[in-house]
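In case you want the letters, here they are:
2 protein chains.
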Amino acid sequence: MKIYNSSVAPNPRRVRIFLAEKGIQVPYEEVDLAQAENRQPEFRRINPLAAVPVLELDDGAHIAESIAICRYFEELHPDPPLFGVGAEGRATVEMWQRRMELTVMGPIADAFRLQHEFFKGRIRQCPEYAAIRKLDALERLGWLDSELADRRFIAGDKFTVADITAMVAIDFGRLSNIRIQPDQSNLARWHQEVSARPSATA
Amino acid sequence: MKIYNSSVAPNPRRVRIFLAEKGIQVPYEEVDLAQAENRQPEFRRINPLAAVPVLELDDGAHIAESIAICRYFEELHPDPPLFGVGAEGRATVEMWQRRMELTVMGPIADAFRLQHEFFKGRIRQCPEYAAIRKLDALERLGWLDSELADRRFIAGDKFTVADITAMVAIDFGRLSNIRIQPDQSNLARWHQEVSARPSATA
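Chains as they are written, first to last, in this note's numbering: chain B, 1 to 202; chain P, 1 to 202.
Next up, chain B with everything else stripped away, as it sits in the complex (with noise of 0.2 Å):
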């Protein structure tokens, strides 16, 4: 079993934390994005869309996609539960992980994207668009402050995968000049706790 990683990209520092959090140890492979690794035919048959990460299994398989992964070790190491406790609790994870990730995490990945030189010839990229997100990204830290205001974590009182995604979107967003505002103090509270986790370096 190993981890197809890159330790620049948001998406596997996702599976890193889940992962250090869990205290599970896992096989890191260095995927080269900007020698466009990812983008060769071999990598691609290992991941036909060419992200990262990638998790191998030891019947050759391979998962992609952050959560899949993420998922696949929550079932076999349940302890402690990022995903939630009991139908409800697990709903209730599975919707702030999702709001989280397409409505924070997905206009910050945007703005970034859709613009820096990096992705050049390798996205279709889309300056203006990139613009309209970074305005979506501050009024969604706005409107994730506020939401924060009575509870100590996204989800609820406990750390979940719903804080893994929203701390490694927000600090992603430094790119693009997207930071908590002086006034959103509940959200710089709750990121500096999230920020303490030991696993938040992994």
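Keep in mind that the hints were calculated from the coordinates and are not lab data.
Watch out, some of these pointers could steer you wrong.
The list treats identical chains as one, so a pair stands whether inside a single copy or across any two.
[What the hints assert, rightly or not] Restricting the straight-line Cα-Cα distance to at most 20 Å, the calculated cross-link-like pairs of lysine to any residue (SDA-like) are:
| no. | residue 1 | residue 2 |
| --- | --- | --- |
| 1 | K2 | G89 |
| 2 | K120 | E139 |
| 3 | K120 | Q192 |
| 4 | K2 | R44 |
| 5 | K2 | D59 |
Small disclaimer: the values here were computed from a predicted structure and weren't measured.
Starting from the known structure of chain B, fit chain P onto it as the hints suggest.
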């Protein structure tokens, strides 16, 4: 228990098909998207992100996000399994469900939302990026056709939630003239089969 629904939007259709496959009946309450009922303060107390569907539980809790709702019912009614079987099987379905959502449904939704009159004044639009997303979507349909060359359904030999997401996305593509191309015979064969299931009209 009830579900805030829209009979015209793609995401609620995913949940209706899922429930039909399970043989589960839940009362639906229509939200009038044309009248922007979902953007009013009353509905934002149910889902601050103003999206349908939303599941309302008997304890008053609200679960938004189609896939979170589907997962909730998968736990309560495991048969037939639509999220896979076993840790590796479930991770594989999750991977494919996410691929269908992020790389097929995402571009198809953007191609519509970012330029269509319906969303004018509701979201920040960008016709330039809508056109790019249409190209992305058409490219992804070509890829999906090649993936379906050697298997019956999106995630393997069983119908799963990944098929639901892909079918709903592709059907929604018609509004933006994103269609299965004449040479995509695998995709056409698959689409015909999933569309013939009784659940497709739910």
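Honestly, which of those hints from before does the structure not fit?
-> 3
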